[in-house]
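Enquirer: Now for the letters of each chain:
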Amino acid sequence: MIRDVALVAGKDLRLEMRSRVGIGQVVPFALLVLLLFAFALDPERGVLDRVTSGLFWVVVLFCSVLFIQRSFGVEAEDGIIDALRLTGLSAPSIYIGKVAALVVELLALEVVLAVGVAIFYGTTFGGFPLLLTAAVAATLGIAGSGSVYGALSARLRTRDTLLPLLLLPLLAPVLIAATRAFEVGMGREAGQGWSWVALLGIFALVYLSLGALLFRPLMEDA
Amino acid sequence: MTTTTSRAASPVPAAPTGTGSRVTRILGIASLIGVAVLVLYGLRISKEDAQLGETIRILYMHVPTVSAAYLAFVITAVGSVMYLWKRSEFWDLLAASSAEIGVLFFALTILNGMLWGKITWGVFWRWEPRLTTTAVLFLTYLGYLAARAVPTSTRTRGTISAVIGIMAVVNIPIVHKAVDWWRGLHQEKTIFGTVDPDMKGTQLFTAYLGLTVFMLIFAWLLIHRFRVAWLAERANDVGLDAALAERRAEGTADGSANETADGSANETADSSANGPADGSANEPANESADESAGAGLGGAR
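Residue numbers (our numbering), protein chains in the order written: chain A, 1 to 222; chain B, 1001 to 1301.
Simulated from the structure, these hints should not be mistaken for laboratory data.
Nothing here was measured: the structure is a model prediction, and the numbers come from that model.
Note that the Cβ used here is the ideal one computed from N, Cα and C, for glycine as well.
Hints may contain errors.
[As the list claims (entries may be wrong)] Chain A side only, calculated, beta carbon under 7 Å to chain B, not exhaustive:
id: 1; residue: L152
id: 2; residue: L156
id: 3; residue: T158
id: 4; residue: L162
id: 5; residue: P169
id: 6; residue: L170
id: 7; residue: A172
id: 8; residue: P173
id: 9; residue: I176
id: 10; residue: A177
id: 11; residue: G201
id: 12; residue: F203
Make the full structure from the sequences, and use the hints.
Expert: Here's what the structure looks like:
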C-alpha cells in the first residue's frame, strides 16, 4: 500500500518537476494575487498586514483549485484514468498518492507565499508550532476533499468552472479555521488556537476517509 | 397535475402525462388549507412577542423552511448512499429531486432571514452565524445541482452527484461549528434561540402548525418533482426512437392510419416501417423502469 502510494505520488511530482507548471504558472499567479490585493487595499494604512492571514489562505484556496485541476487534468486526457486502473493499484492508494503529491505542492506554495507576505506586506510571523500544525492540517483537508472533486469533475466537459463552485464552499470551514489559527498563532487575536487546529484536523480526517471510500466508484463510473 | 395514462398518445405504452395521483392531490389540498390556516394564525390570531414584537411572525415561516431544507439534504444524502450501493435510478432521482427542493427552501430561508434582519438590525445582511451557515450550504448545494446539469451519461451523473451529496452533507456540522466559533466573539441577537423556550399558547401552536404545513408542502413538492424527473428520464430513453417512429408514421400512413385510436396506428407504423427494433426494444426497458419507480414514490400513482 505504502509503496503504491509512493508510486502515484512520485509520478505526479516527477510530472510536476518536468513540466514546471506549478513553479512556472501557479506560483507566479499566487504572487500576482498578492500584488492585486495590495492594489485593491491601500498598502499605506497597514490594512494588508492586519488581514494577512485571511489573504494568505484565500490565495492558497485559489491556487489549490489550479493545482487540483492540473493534477486531474493530466489523468483525464487520453483515458489515463483507465490506464491507472489497469496498473492494478487499488483506488485508495491512487487517491492517497494524488493527495500526497498535492500536499507537497501546496506546502511548497505556502512557504513561497509566507515569504511573499513577509516581504510585501511586512508581516512578521511568530508562534511557529501552531502555525505549522495549522498549515499542515489545513493542507491535508484541502488536498483530501479537493482530490475527490478533482477526480469527479475531471471527466465532465465543464470541469474548469465546476471545480471551484464545488470545492470553495466546501472549504469555507478550512478558510475560517486556518485564518483564525494563524491570527491566534501570530498573537493578533486572543482565543483557542489549538481548537481551530482540531477543527482543521477533523475536517482533514473526515474527508480523507470519505475520499478513500468514494474514490473507487468515482474511478469506475465517473 | 392531472393524471391520465393515455396509451394512444405516444409510441411508448403507459407513459403518464401528469404527475398527480390521489395521494398528491390530498397532500396538495391539505397543504393549501394548511397555508390558509397558518396565515390566519401567523398574521392574525397569534399575539406579538414580548421580545421580538411583530417580527416573530417571520419565524413561523423561517423555522419551517430551514427545517424542511435540512430534511431535504438528509434525504439527498441517504439517496446518494443508497445509489452507490443499489445503483437504482429511484435513489438517484430521489436524491436529486430532494436537493432541488432543499435549495429552494434554503433560498426562502435566506430571504425571510434577511427580511427579519432588515427589521431587527436595520440591514439586510449581518454575519449572523445561522444566516452565514445557510449561505455557505446554499452555495454548496447549488454546486450539486450544477454538476447534475452537465450533460453526461446517466451512470456518471448518478455517481458524481451521489459523491457530492455525501461530501456536502458531512460538511453541514463542520460549517456549523466553524461559523459558530468564528462569530462566537460577536454574539448578537439571532433569529434562533431567543424565542423558542419562551413560546407558549397560540405562539407555540402556530410554530408547530408552520412546521407541519411546510413538511406537507415539502412532501407534496418532492413527490411531484420526483415524478417529473422520472418522466424526464423516460422521455430521454425514448427520445430519438420515438421521434423517428413518429416521422415514419407520418410518411407511411399519410394521416389515415394515424387517426385510428388506441395505439394501433403506432404499432402498424412501427412494424411496417422499421421492423420490430424500435417498439419492442423500447417496451421492456420502459416497463422495468416503470416497475422500479412503482416500488417507491411512483407507487402512489
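Enquirer: Look at each hint and say if it fits the structure.
Expert: Hints, verified against the model:
1. L152: Since the shortest Cβ distance to chain B is 5 Å, the answer is holds.
2. L156: Where the cut-off is 7 Å and the nearest Cβ of chain B is about 5 Å from A/L156, the hint holds.
3. T158: holds, 5 Å
4. L162: holds, 6 Å
5. P169: holds, 4 Å
6. L170: Hint on A/L170: holds, closest Cβ of chain B at ~6 Å, below 7 Å.
7. A172: holds, 5 Å
8. P173: holds, 4 Å
9. I176: holds, 5 Å
10. A177: holds, 6 Å
11. G201: The hint is violated - A/G201 has no Cβ within 7 Å of chain B, the shortest such distance being about 11 Å.
12. F203: holds, 6 Å
The structure fails hint 11 only (numbered hints given earlier).
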